[in-house]
Amino acid sequence: MVSCFANNDMGTEAIVMFLDILENGLCPNEYCISAVIRACSNAENIPIGEMGFWFVIKSGYFESDVCVRCALIDMFLKGGGDVDLAYKAVDLFFNMVLSEYVLDRFTFDGVISACAELELLNLGQQLHSWVIRTGLALDVCVGCCLVDMYAKCAADGSVDDARKVFDVMVDCNVMSWTDIITGYVQSGGLDKEAVELLREMIKGHVSVSPNHFTFSSVLMACVNLSDPCMGQQVYTHAEKLGLASLNCVGNSLISMYASSEKAFELFHEIKDIGIGASVFTFASLLSGAASIGAVSKAMEMFHKMLEDGVRPNVINNIAALSACSCVGLIFESWKPFTSMYTEHGIVPRMEYYACMVD
Numbered sequence: 001m002v003s004c005f006a007n008n009d010m011g012t013e014a015i016v017m018f019l020d021i022l023e024n025g026l027c028p029n030e031y032c033i034s035a036v037i038r039a040c041s042n043a044e045n046i047p048i049g050e051m052g053f054w055f056v057i058k059s060g061y062f063e064s065d066v067c068v069r070c071a072l073i074d075m076f077l078k079g080g081g082d083v084d085l086a087y088k089a090v091d092l093f094f095n096m097v098l099s100e101y102v103l104d105r106f107t108f109d110g111v112i113s114a115c116a117e118l119e120l121l122n123l124g125q126q127l128h129s130w131v132i133r134t135g136l137a138l139d140v141c142v143g144c145c146l147v148d149m150y151a152k153c154a155a156d157g158s159v160d161d162a163r164k165v166f167d168v169m170v171d172c173n174v175m176s177w178t179d180i181i182t183g184y185v186q187s188g189g190l191d192k193e194a195v196e197l198l199r200e201m202i203k204g205h206v207s208v209s210p211n212h213f214t215f216s217s218v219l220m221a222c223v224n225l226s227d228p229c230m231g232q233q234v235y236t237h238a239e240k241l242g243l244a245s246l247n248c249v250g251n252s253l254i255s256m257y258a259s260s261e262k263a264f265e266l267f268h269e270i271k272d273i274g275i276g277a278s279v280f281t282f283a284s285l286l287s288g289a290a291s292i293g294a295v296s297k298a299m300e301m302f303h304k305m306l307e308d309g310v311r312p313n314v315i316n317n318i319a320a321l322s323a324c325s326c327v328g329l330i331f332e333s334w335k336p337f338t339s340m341y342t343e344h345g346i347v348p349r350m351e352y353y354a355c356m357v358d
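Going by the UniProt record's numbering, the first residue of the sequence shown is number 1, and it counts up by one from there.
These are computed hints drawn from the structure, not numbers from a lab. On a predicted model such as this, the values are computed, not experimentally measured, just so you know. All residues carry an ideal CB built from backbone N, CA and C; glycine is no exception. It is possible that some hints are incorrect.
Claimed, not checked - Below are the DSS-like pairs computed for lysine-lysine, each with C-alpha atoms no more than 30 Å apart in a straight line:
1. K297 <-> K262
2. K203 <-> K240
3. K192 <-> K262
4. K192 <-> K240
To be verified - What follows is a list of derived Cβ distance ranges for each label pair:
5. E307 <-> Y87: 32 to 40 Å
6. I21 <-> D171: 49 to 57 Å
7. M10 <-> N173: 23 to 31 Å
8. L98 <-> D156: 41 to 49 Å
9. G242 <-> M10: 45 to 53 Å
10. E239 <-> G188: 26 to 34 Å
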């Protein structure tokens, strides 16, 4: 039952049942413990998962069972974007190596994904060599993780390595296609290649259809290329596949038109169909409004962002301040400046003071 709850995204129920097992004096086995660890993999349950980590150590399963360790690596990796937890996943992997466990594809999936999140290119390359020696390099899941790792380290010039892994994969799925496309977009200067890969998918040269993350990445490529016509074509294909109403696609479309009135029209359109704007969407709208001197629009978007409960980030605040400084709205600029620390806990940076001085 614990495993059933965990496999159906019912983490709380799995944890409650596991606690009932302990309260009734029963001894859970390694499968039950692995299942409850999986149930703790979302950000909400991570604190419970960390307590479970110490239970695993005290009960002896940490030293004796590889499945439990793999589950712990996976839990730390999915720890809600917590960098420290990703490092714990890497530490657990090396602990398994020192304990001479037989490492399988699930273990490598976890630690390579941790390297991707932490952008540990050197370690990722060593793990790539390792999986080649163990014969796991052609495994679909391991291959996807390698493509993702090299793509996320694209700033270090590893996008070519991502493409090499992608090209030798026997069975490329939508995840690997999206990873290589995203890597091209994030590396800078390879946006045309990202668009071309989407063309290959759409024309049916492969048996894989793009998903909403694929379209979102290609729309960002169109932003980088300053090609709204191409972006509109991409969005039309997303509509045909029923993916246009998803948040990441709509938000990427807004970013493409950020420096024009079209962006604000699209913002209201996607709000009408229930798509919530992200903090990055508001950042694009604010920056776009500031760049064309649309101060009233910038302030309208800033207040709308706060009304929607979206916590501003550094870019949002600087964009709002820049919009005010463009036309000398001193009084209006004080609201975003003072609210940064008093309401949102953001310590003003040098750029903030520069905007206020300006």
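Holds or violated: are the alpha carbons of K297 and K262 at most 30 Å from each other? Answer holds: K297 to K262 is near 12 Å, not above 30 Å.
Regarding E239 and G188, is the given constraint of 26 to 34 Å on their beta-carbon distance met? With Cβ atoms ~29 Å apart, the hint holds.
Note whether the CB distance of G242 and M10 lies within 45 to 53 Å or breaks it. violated (27 Å)
Verify the CB-CB distance for E307 and Y87 against the hinted window 32 to 40 Å. holds (37 Å)
Cβ distance range 41 to 49 Å for L98 and D156, holds or violated: Given range 41 to 49 Å: violated, Cβ gap about 28 Å.
When you take the CB atoms of M10 and N173, is the distance between them in 23 to 31 Å? The hint (23 to 31 Å, Cβ to Cβ) holds, given that M10 and N173 are roughly 27 Å apart.
Could you grab the alpha-carbon distance between K192 and K240 and see if it respects the 30 Å cut-off? It holds: about 22 Å lies between the C-alpha atoms, which stays within 30 Å.
With the threshold set at 30 Å, check whether the alpha-carbon distance from K192 to K262 stays at or below it. The hint holds at about 24 Å.
Quick one: are I21 and D171 within 49 to 57 Å, going by C-beta? Violated - the Cβ-Cβ distance for I21 and D171, about 39 Å, lies outside 49 to 57 Å.
Within 30 Å, alpha carbon to alpha carbon, are K203 and K240? Roughly 14 Å separates the two Cα atoms, so the pair holds.
Hints 6, 8, 9, counting from the list given before, are not met by this structure.
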